[in-house]
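Keeping the supplied structure of chain A fixed, place chains B and C upon it in accordance with the hints.
Chains as they are written, first to last, in numbering that gives the first Met the number 0: chain A, 0 to 332; chain B, 0 to 257; chain C, 0 to 95.
If you are wondering where the hints come from, they were derived from the structure by calculation, not from laboratory data. For every residue, glycine included, the Cβ atom is placed at its ideal position computed from N, Cα and C. Hints may be right or wrong, so weigh each one.
DSS-like mimics (lysine-lysine), calculated; alpha carbons at most 25 Å apart, straight line [what the hints assert, rightly or not]:
#1 K245/A - K323/A
#2 K16/C - K205/B
#3 K16/C - K133/B
Just some of the chain C residues that point at chain A, by a computed CB distance under 10 Å [to be verified]:
#4 Q5
#5 P7
#6 L19
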Amino acid sequence: MYGLPEEAKDTVAGGRAVAASEAELQSEFDQMVAADQRLEPRDWVPDAYRKTLIRQIAQHAHSEIIGMQPEGNWITRAPSLLRKAILMAKVQDEAGHGLYLYSAAETLGVSRDELLDLLHRGKQKYSSIFNYPTLTWADVGAIGWLVDGAAITNQIPLCRCSYGPYARAMVRICKEESFHQRQGYQILYTLAHGSAEQRAMAQDAVNRWWWPSLMMFGPPDDESQHSAQSMAWKIKRHSNDELRQKFVDMVVPQAEILELTLPDPDLRWNAERGRYDFGPIDWDEFWRVVKGDGPCNRQRMEHRVRAHENGRWVREAALAYAAKHQARAGAAA
Amino acid sequence: MSGVPTAQLPPVAQYALRLGDDALILAQRLGEWAANAPELEEDVALTNIALDLLGQARVLLTHAGKIEAAGRTEDDFAFLRDERDFVNVQLVEQPNGDFAQTIARQLFFTAYQRLLYARLADSVDPTLSGVAGKAIKEVDYHEDHAAGWTRRLGDGTEESHRRMQAGVDRLWPSVDELFRTDQLEQRLVAEGIAVDASGLREEWHKRVTSVLDEATLAAPEGSWTAPGGGRRGLHTEAFGYLLAEMQHLHRTHQGARW
Amino acid sequence: MTDRRQWPLWEVFVRSKRGLSHNHVGSLHAADASMALRMARDVYTRRQEGVSIWVVPAASITASSPDEKDPFFEPAGDKVYRHPTFYDLPEGVEHL
Numbered sequence: 000m001y002g003l004p005e006e007a008k009d010t011v012a013g014g015r016a017v018a019a020s021e022a023e024l025q026s027e028f029d030q031m032v033a034a035d036q037r038l039e040p041r042d043w044v045p046d047a048y049r050k051t052l053i054r055q056i057a058q059h060a061h062s063e064i065i066g067m068q069p070e071g072n073w074i075t076r077a078p079s080l081l082r083k084a085i086l087m088a089k090v091q092d093e094a095g096h097g098l099y100l101y102s103a104a105e106t107l108g109v110s111r112d113e114l115l116d117l118l119h120r121g122k123q124k125y126s127s128i129f130n131y132p133t134l135t136w137a138d139v140g141a142i143g144w145l146v147d148g149a150a151i152t153n154q155i156p157l158c159r160c161s162y163g164p165y166a167r168a169m170v171r172i173c174k175e176e177s178f179h180q181r182q183g184y185q186i187l188y189t190l191a192h193g194s195a196e197q198r199a200m201a202q203d204a205v206n207r208w209w210w211p212s213l214m215m216f217g218p219p220d221d222e223s224q225h226s227a228q229s230m231a232w233k234i235k236r237h238s239n240d241e242l243r244q245k246f247v248d249m250v251v252p253q254a255e256i257l258e259l260t261l262p263d264p265d266l267r268w269n270a271e272r273g274r275y276d277f278g279p280i281d282w283d284e285f286w287r288v289v290k291g292d293g294p295c296n297r298q299r300m301e302h303r304v305r306a307h308e309n310g311r312w313v314r315e316a317a318l319a320y321a322a323k324h325q326a327r328a329g330a331a332a
Numbered sequence: 000m001s002g003v004p005t006a007q008l009p010p011v012a013q014y015a016l017r018l019g020d021d022a023l024i025l026a027q028r029l030g031e032w033a034a035n036a037p038e039l040e041e042d043v044a045l046t047n048i049a050l051d052l053l054g055q056a057r058v059l060l061t062h063a064g065k066i067e068a069a070g071r072t073e074d075d076f077a078f079l080r081d082e083r084d085f086v087n088v089q090l091v092e093q094p095n096g097d098f099a100q101t102i103a104r105q106l107f108f109t110a111y112q113r114l115l116y117a118r119l120a121d122s123v124d125p126t127l128s129g130v131a132g133k134a135i136k137e138v139d140y141h142e143d144h145a146a147g148w149t150r151r152l153g154d155g156t157e158e159s160h161r162r163m164q165a166g167v168d169r170l171w172p173s174v175d176e177l178f179r180t181d182q183l184e185q186r187l188v189a190e191g192i193a194v195d196a197s198g199l200r201e202e203w204h205k206r207v208t209s210v211l212d213e214a215t216l217a218a219p220e221g222s223w224t225a226p227g228g229g230r231r232g233l234h235t236e237a238f239g240y241l242l243a244e245m246q247h248l249h250r251t252h253q254g255a256r257w
Numbered sequence: 000m001t002d003r004r005q006w007p008l009w010e011v012f013v014r015s016k017r018g019l020s021h022n023h024v025g026s027l028h029a030a031d032a033s034m035a036l037r038m039a040r041d042v043y044t045r046r047q048e049g050v051s052i053w054v055v056p057a058a059s060i061t062a063s064s065p066d067e068k069d070p071f072f073e074p075a076g077d078k079v080y081r082h083p084t085f086y087d088l089p090e091g092v093e094h095l
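One chain only, chain A, in its complex shape:
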């Protein structure tokens, strides 16, 4: 990829004429990471770093496109034209985010096709938050406020991750994401201050999305196997528990302004810690959903695979046309 033939790679790594030793390359890599420098597509990186990064970026990309489903679900039923337009733009942004991320992943030497295939065969995952159903319009608000809020909490630190293309994609995404969180919050605010039915709808949605949102940050630190290595490589900048706490501290005051309750009787301000204490998370549910037994896992995958399969003849047609019209297509822009 990137126009460089295989055999030239040895001479290119490190910019020196003869292959640097792996130890030298590793040392340079370590120094770059330690100095908070960005690694770029053609830098030598340890194979494990590359593999982990591909997996992380790809799963992030898959999450964006699967995430289009629960929200896309409400486009045709949005209760006002303005809300319809905003929701369309949001879902479109998610497609765009998926694109930015696949694009970043491809700089590591995989193709989008391969990654989608891994997703479709269940070999790569997506954020399990999207395995929950959007049952009411208020769910659209809850997703914007809580799910995108959690995503932002996770994503902002990644804007400084060690891999250049990923960091840059994150910067782009974070800029667009704040619009998403605000629109979700505004939906809930309007519902919470509307009719009794609307208020009940909002509270019900929050009750169902709160705990899964906390689970978005992953298992507790002491159970999170890969974290230490990812932190050392600076492709993860904060621990799961740190980010989860940060999210809770941010969101609880926002809930107060909404005048909606969060479904956690143990949630309270801890003056000593300067943070909110919150109740135990049901990790059984988390693992069940991650392993494939959440309410919508099968549905999401079927939908995704079906869309992909249905589109095959279209993609092939475009290629066939391009091949037939080589010269014309090149000039036509």
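For chains B and C alone, coordinates are given in the frame of chain A:
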């Protein structure tokens, strides 16, 4: 509020609703493609088109409300009118079908809209001319998108050719309605407000058959023409389902804010 | 299963304002150049981020040593709700 039947509204309001309903209903159909398009980039493209159309619809529906001067908003028009008060052409309410059918519908409609807005930009009604002036750039792009895909699918693989021809054949009967004019429109044309739809037919035909030609597709000349009647509030069976889906939530919560 | 052949990869460069140079903003898959250009406009300039777009097949790019230390826009302008500042937030809400 559900308000006065469309046929009893001031002529300019009716005209604005015709154009607005065309855009609204097509946007609604395109919205169904979210998370379903053949490629991620195309998902983005179709949604862009839907957003442009929705934007046009909102201005036009709001304009109708201002002219009526009974306090109806864009949402009142979109969510509280019954089927017989929607005055879009039947072409835009046709189900998406496969991607080829969607593209055929896009080709036929965007070619029409492009010609329509080019002329509407000279309307003496400042809102209509404003919408048209702004929409021209958007619709240029929409038409370009549709023509590009028509060529790719028509002259792609055997399967895509077959599907594209099927889409063209299935939607052709709904084309004639685009160019039917009536007394209301003619009055407004005479006042410099509206565009004579019948005057667009020839140029439309030239443009569309040229694209079909390049795409190695046949224009189904002499085939059956659908009775139509959309401008008089007569729709197809599919329309009821479309409206039910679109309006249900809004209607369930009378007077609510969102 | 994967497609027999996928749409080729294109790199996208956008000049956001007169006076600036084109910047690399990412990549996308398209079957041909005209599709690539249109998609680049949809994906990378929705918030009116671009004045000029270049698309280049990724395969045509020749890169150097990593040690070296790198019709279509107006419609995007009116979609006000894309910009976060569009929203009136209830008073006192932080972090949004």
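Hint by hint, here is what the structure shows:
1. K245/A - K323/A: With Cα atoms ~55 Å apart, K245/A and K323/A exceed 25 Å; violated.
2. K16/C - K205/B: violated, 38 Å
3. K16/C - K133/B: Holds - the C-alpha atoms of K133/B and K16/C are around 22 Å apart, at most 25 Å.
4. Q5: Result: holds, 4 Å to nearest chain A Cβ.
5. P7: Holds - the Cβ of P7/C comes within 10 Å of chain A, reaching about 9 Å at its closest.
6. L19: violated, 17 Å
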